[in-house]
Amino acid sequence: MPPSSSLAARSGGHVTDTFAMLGRRQEIALVLSIFALIAFFSFTSEYFFTVRNLTNVLGQGSLVMIAGIGVAIVFISGEVDISVGSLQAAVAIPLIEVMNATGSLWLGLAAALLLGLIVGGINGYLSAYVGINSLIVTLGMLFILRGGVYLYTGKTAIPDDIYLESFFIIGNERFLGVVPWPAIIALVLLLIFMYVMSYRPFGRKVYAVGGNAEVARLAGFPVKRVKFICFVISGVMATISGILLASRLGSAVHLAGIGFEFQVVAAVVLGGVSLSGGIGSLLGMALGVLILAFMSNGLGMLDLPTEWQLVITGIIIIIAVAFDEMKRRRAG
8 MPPSSSLAAR
18 SGGHVTDTFA
28 MLGRRQEIAL
38 VLSIFALIAF
48 FSFTSEYFFT
58 VRNLTNVLGQ
68 GSLVMIAGIG
78 VAIVFISGEV
88 DISVGSLQAA
98 VAIPLIEVMN
108 ATGSLWLGLA
118 AALLLGLIVG
128 GINGYLSAYV
138 GINSLIVTLG
148 MLFILRGGVY
158 LYTGKTAIPD
168 DIYLESFFII
178 GNERFLGVVP
188 WPAIIALVLL
198 LIFMYVMSYR
208 PFGRKVYAVG
218 GNAEVARLAG
228 FPVKRVKFIC
238 FVISGVMATI
248 SGILLASRLG
258 SAVHLAGIGF
268 EFQVVAAVVL
278 GGVSLSGGIG
288 SLLGMALGVL
298 ILAFMSNGLG
308 MLDLPTEWQL
318 VITGIIIIIA
328 VAFDEMKRRR
338 AG
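Note that the sequence shown covers residues 8 to 339 in the working numbering.
Hints are supplied without guarantee of correctness; some may be wrong.
[Claimed, not checked] So the derived label-pair ranges between C-beta atoms look like this:
# : residue 1 : residue 2 : range
1 : L171      : R207      : 34 to 44 angstroms
2 : K162      : R207      : 35 to 45 angstroms
3 : V203      : I326      : 49 to 59 angstroms
4 : F42       : I151      : 40 to 50 angstroms
5 : I326      : L171      : 37 to 47 angstroms
6 : L225      : G266      : 17 to 27 angstroms
7 : W113      : F330      : 43 to 53 angstroms
8 : F330      : L183      : 32 to 42 angstroms
9 : I326      : F56       : 34 to 44 angstroms
Please keep in mind that the hints were generated in silico from the structure rather than gathered at the bench.
Beta carbons are placed, not taken as given, at the ideal position from N, Cα and C, and that holds for glycine.
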């Protein structure tokens with residue numbers, strides 16, 4: 008093995024090993040929090056702890072989890088992506104329009120994925136290669152996509168006129184009549200990317216680049232390419248969540264995805280993914296999604312006004328970010 012490759016392997020392994028114990032402790036705390044939430048809401052609401060409700064929660068959280076995979080990977084690489092909500096709305100337009108024009112689900116899916124790849128590629132190129140701050144790039148993309156959706160739709164939903172059963176199934180039907188298909192898709196994608204981030208060279212590169220981009224560059228990592236790929240992955244994951252949302256709604260809705268990016272970022276940060284990069288896991292992100300999903304569902308069953316649900320979610324985000332900052336200072 009060449010010296011640079013050996014150093015790179017040691018660098019990626021060092022980043023993973025350093026925070027493995029802390030990560031496991033945080034994931035255990037997140038699991039215990041989920042059990043506590045389930046126990047609390049089970050006692051306060053007779054309808055909470057039912058198979059139907061729990062699987063509904065999984066279905067509701069699946070779109071956040073899918074997009075969260077991509078956003079978490081971007082965060083771990085040391086960058087930010089907040090354009091996922093607007094992208095979720097935008098990809099529904101080529102999806103529905105192409106399906107209506109051709110009668111083909113596959114062509115519609117291809118059109119949606121192409122848009123997601125283009126947006127992810129633009130975000131990645133401007134951030135990684137041009138060097139523009141990724142928060143500014145993706146904030147600008149958020150407004151561009153949202154404005155484009157409003158202009159194209161005229162703020163009117165574009166319906167699925169051909170009513171393809173296969174399109175309806177992916178967002179609304181249940182596997183074996185129990186678990187929503189979006190939850191199954193989210194689980195499969197989560198397991199795939201957990202494997203990639205934990206056991207494949209690309210995952211080690213992402214952690215190394217996010218931990219210290221300059222050290223990673225000196226170790227031989229293609230820093231810009233790694234970050235570019237992370238943004239493309241985020242674009243694809245947001246696209247998949249957008250396809251599932253369009254299936255649920257049966258149309259391309261201009262209001263779709265508003266505030267969605269904040270749900271995703273909240274879950275990612277709550278799950279222990281560091282805003283400074285190099286720290287966190289997709290399992291933690293997934294647990295963060297479940298905590299917020301169970302909390303939202305349970306508070307809704309207690310008839311707590313939406314305003315208070317937002318306040319509580321905001322408090323949790325601030326606490327999670329504060330904990331991340333303390334963890335970063337200790338690591339430093």
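Hints breached by this structure: Per hint list: 3, 6, 9 violated.
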